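*Asks:* Sequence:
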Amino acid sequence: MTSPVPITGSGTSSTTSGDPNALSTAAFISRVSSSRREQGRDGSRMTVVREAGRTGMILGWGRPTHLPVLLAIAWPAPWPTLLLRETRVSDPRQKALGDFLRSRRAQLDPAALAPASGRRRRTPGLRREEVAERAGIGIDWYVRLEQGRDVSPSATTVDALARALCLTEAEHAHLRALAGRGRPRAFVREEVPPTIRRLLGALPQPAYVTGRRWDLLAWNAAAADLFGFDDLPEEERNILLFVLTDPRARGLFGPGWAEEAQRMVAQFRAVHDLAAADPAFTDLLGRLTAGCRSFAEWWDAHEVRGGGAGRKVLHHPRHGRLAYDYATFQATGDPALRLAIYGPGEP
Numbered sequence: 002m003t004s005p006v007p008i009t010g011s012g013t014s015s016t017t018s019g020d021p022n023a024l025s026t027a028a029f030i031s032r033v034s035s036s037r038r039e040q041g042r043d044g045s046r047m048t049v050v051r052e053a054g055r056t057g058m059i060l061g062w063g064r065p066t067h068l069p070v071l072l073a074i075a076w077p078a079p080w081p082t083l084l085l086r087e088t089r090v091s092d093p094r095q096k097a098l099g100d101f102l103r104s105r106r107a108q109l110d111p112a113a114l115a116p117a118s119g120r121r122r123r124t125p126g127l128r129r130e131e132v133a134e135r136a137g138i139g140i141d142w143y144v145r146l147e148q149g150r151d152v153s154p155s156a157t158t159v160d161a162l163a164r165a166l167c168l169t170e171a172e173h174a175h176l177r178a179l180a181g182r183g184r185p186r187a188f189v190r191e192e193v194p195p196t197i198r199r200l201l202g203a204l205p206q207p208a209y210v211t212g213r214r215w216d217l218l219a220w221n222a223a224a225a226d227l228f229g230f231d232d233l234p235e236e237e238r239n240i241l242l243f244v245l246t247d248p249r250a251r252g253l254f255g256p257g258w259a260e261e262a263q264r265m266v267a268q269f270r271a272v273h274d275l276a277a278a279d280p281a282f283t284d285l286l287g288r289l290t291a292g293c294r295s296f297a298e299w300w301d302a303h304e305v306r307g308g309g310a311g312r313k314v315l316h317h318p319r320h321g322r323l324a325y326d327y328a329t330f331q332a333t334g335d336p337a338l339r340l341a342i343y344g345p346g347e348p
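2 is the number of the first residue of the sequence shown in our numbering; add one for each residue after it.
These are computed hints drawn from the structure, not numbers from a lab.
Just so you know, these numbers come straight off a predicted model, no measurement behind them.
Be aware that a few hints might be false.
What the hints assert, rightly or not - Label-pair distances were calculated between CB atoms; the ranges are: (1) D226 with R121: 53 to 61 Å; (2) G346 with R251: 19 to 27 Å; (3) W258 with R121: 22 to 30 Å; (4) P348 with P280: 41 to 49 Å; (5) E298 with G252: 36 to 44 Å; (6) F330 with D226: 17 to 25 Å; (7) D226 with E192: 43 to 51 Å.
Using N, Cα and C, we set each Cβ at its ideal position, and we do this for glycine too.
Based on the provided sequences and hints, a complete structural model is requested.
*Replies:* Dropping the structure here:
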């Protein structure tokens, strides 16, 4: 990463204050005028100044900043040294945190939560300053959070933001996870222990095991009969791909398919955001986007849900209407392995 470029001196002098990296105002403005934009490796945009093989990062997303010009007019020489730093977002989890905060803010009803200000609202939800005030934090600091900048909120701040944004328990847990500094391990397809496979085979109820990416890793005969998992090609053995892109799943869930699909997308969001940079997860998102027309809209909503139990009504081509209660459990010491079991439910 290139070091920031100090700016010093008066508006006309060509000398500096002794700092070999310092630029006079005139020289700085001259070099800014010849700057060009480049695409950052991570997709960010920045303005770049080149001089003698040295690159300086100029703060700004549009044209080069006019801050030196304004200071030259309002502030006589000598100038204090200014450091204009690169504003690149490098951690995908930081971006996911900002996107999540922004989406939850947009969902709030200003009429119910914010005092009338008389200002016309151009966008839905609360303003950033209103969220910051409700959480008891500085507006500039909150803006940095939403921008995905490298800031580390404390547990107390995370809890305050959860209250300010009226988050559900699942959303609060997701916010805590995104704000954590631990890095998730790289994705490796999990192995199901033989004891779990034997347990699956002994169960009369439909049951299956999924991994961290929701890949279908093992299932019993009852699940194969109910869902048709045996007929899925190896590369399509993923519960999200099955429900969202397989026509058989749409027929199986019938009128409740869209609700079931949205619920699963919201539950998977919490898993994905902690591994957003992993190519295995990126590949899965691409396949879901290509195979389900509604997926992009549901995904962009940033809904997060918990819940490992519930009720499903299925419409089987041979068995007719079936009602099930289901629950999911951690299968082993590895929290990525989840065991789902279906039992007869009320009609």
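*Asks:* Each hint needs a verdict: does it hold in this structure or not?
*Replies:* Hint-by-hint comparison with the structure:
no.	hint	verdict
1	D226 with R121: 53 to 61 Å	holds (59 Å)
2	G346 with R251: 19 to 27 Å	holds (21 Å)
3	W258 with R121: 22 to 30 Å	violated (40 Å)
4	P348 with P280: 41 to 49 Å	holds (45 Å)
5	E298 with G252: 36 to 44 Å	violated (22 Å)
6	F330 with D226: 17 to 25 Å	holds (22 Å)
7	D226 with E192: 43 to 51 Å	violated (25 Å)
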